[in-house]
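K.L.:
Counted the way the numbering used here counts, the sequence shown spans residues 2 to 295.
Be a bit skeptical, because a hint or two may be false.
What the hints assert, rightly or not - Across the chosen pairs, the derived CB separations fall in these ranges:
no.	residue 1	residue 2	range
1	A256	T116	15 to 25 Å
2	F231	E112	47 to 57 Å
3	G182	F231	44 to 54 Å
4	F30	A168	24 to 34 Å
Think of the hints as simulated: they come from the structure by calculation, not from any bench.
Every residue, glycine too, gets a C-beta built ideally from N, C-alpha and C.
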Amino acid sequence: MSDTEAPHPERVEPGSGYPLGQDMLRATFALLRQDKQMFALPFIGMVFGVIAAVALFFPGYGIGWFVNDQHHSKLAYYTGAALSGFGATVVSVYFQVALVIGANQRADGGEPTATSCLRDARTYWKKIVAWSLVTATAGLVLQVIHDKLGFLGSVLNFVGGLAWGIATYVVVPVLVTEDVGPLTAVRRSTRVLRDTWGTSLRTAVKGNIIAFGFWLVPGAVLVFAAVLVFTGPPALVVIGFVLAVVSGAALIAVASVIGAAGTYARALIYRYAVALPTPGIDTRVLADAFRSKG
2 MSDTEAPHPE RVEPGSGYPL GQDMLRATFA LLRQDKQMFA LPFIGMVFGV IAAVALFFPG
62 YGIGWFVNDQ HHSKLAYYTG AALSGFGATV VSVYFQVALV IGANQRADGG EPTATSCLRD
122 ARTYWKKIVA WSLVTATAGL VLQVIHDKLG FLGSVLNFVG GLAWGIATYV VVPVLVTEDV
182 GPLTAVRRST RVLRDTWGTS LRTAVKGNII AFGFWLVPGA VLVFAAVLVF TGPPALVVIG
242 FVLAVVSGAA LIAVASVIGA AGTYARALIY RYAVALPTPG IDTRVLADAF RSKG
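Turn these sequences into a full structure, and let the hints steer you where they fit.
P.N.:
Here is the structure:
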C-alpha cells in the first residue's frame, strides 16, 4: 500500500442506530471466542512489562546518579524512569503487535495461535523499538510537565495524554499492516479519525463504560478485603486475605480480557477504515463506526 494516501471508507449514511460500543464489543468477542489463547497475551505482557520496568529502572537510576557527580537527584530519577518506561513499553507494544497479527489472520481466514502470533511479532522488532521510543518519550515529557508545573502541569498532562491517545488510537494496526514508520503511522491514525465523525471514539467510550462495570465488583471486593485485613478482628483477617486473593485474580483476568478485546477491536475498526476484509463482523456495525463526514 502506498505511503502517500490511505484508502478511505466509502460514504455511509447515518444508519442503524445500533448501540455502537456494545455491538463492537459483541462483534470483537465473537471473533476472540475463536482465538481463546489470545486472552492470555495481555496478562503475560503485564508480567514481563513489570519485570522489564523494574530490571531497567535501577541501571537507569545509576547512570543518572553517575552523570550527576554521584548525587541523588531528579536527574537520576528521570533517567531511571525513562529507561524503565521504555522497557515496559517495548514489551507492551510487542504483545499488542501479536494481538493485531492474530486479529488480522483471523479476519483473513487464518487460524492464529498465541505462539505463532508471538513468533510473527518478532519480525516487527524494528518498528516495535521505534514506536516504543516515540511513545515512551511522549510519556516522559508529559510526566516532566506534570511534575514541574503543579496544577497547570496536571491539566496539561491530562489534555496532552488524551490528545495523544486519540491521535495514536490505531497506530499499532497501521504499523502491522502497512510498510510505514512510527511518525507516518501517527499521521495515518489521525487521518482515520479526522476523516470520520469519530464514532469510533464513542465506541471506545461505551466500551470503557462496560469495562468499568466489570472492574467495579472485584475492585469493591478488594477494597472490602483490605479493610478486613487491616482493621478487622483477627477472626476476619483470614477471610480478608482469601477475598483479596480472589478479587485480585478477578481483576487480573478482567484486565487481560479487556486488553485483548480492545486491541482486537482497534485492529478490526482500522481494517474497515482502509477497506480491508472484515469477515465475520456485521458490516452495519463497522459502517456505523466510521461514518464519513460527507
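K.L.:
It remains to establish, for every hint, whether it holds in the given structure.
P.N.:
To see whether the hints hold, each was checked on the structure:
1. The given range of 15 to 25 Å is respected by A256 and T116, whose C-beta atoms sit roughly 22 Å from each other.
2. At about 49 Å, the CB distance of F231 to E112 agrees with the hint of 47 to 57 Å.
3. Checked against the hint of 44 to 54 Å, the C-beta distance between G182 and F231 comes to roughly 50 Å, which is consistent with it.
4. Distance hint for F30 and A168: a CB-CB separation of about 27 Å, consistent with the stated range 24 to 34 Å.
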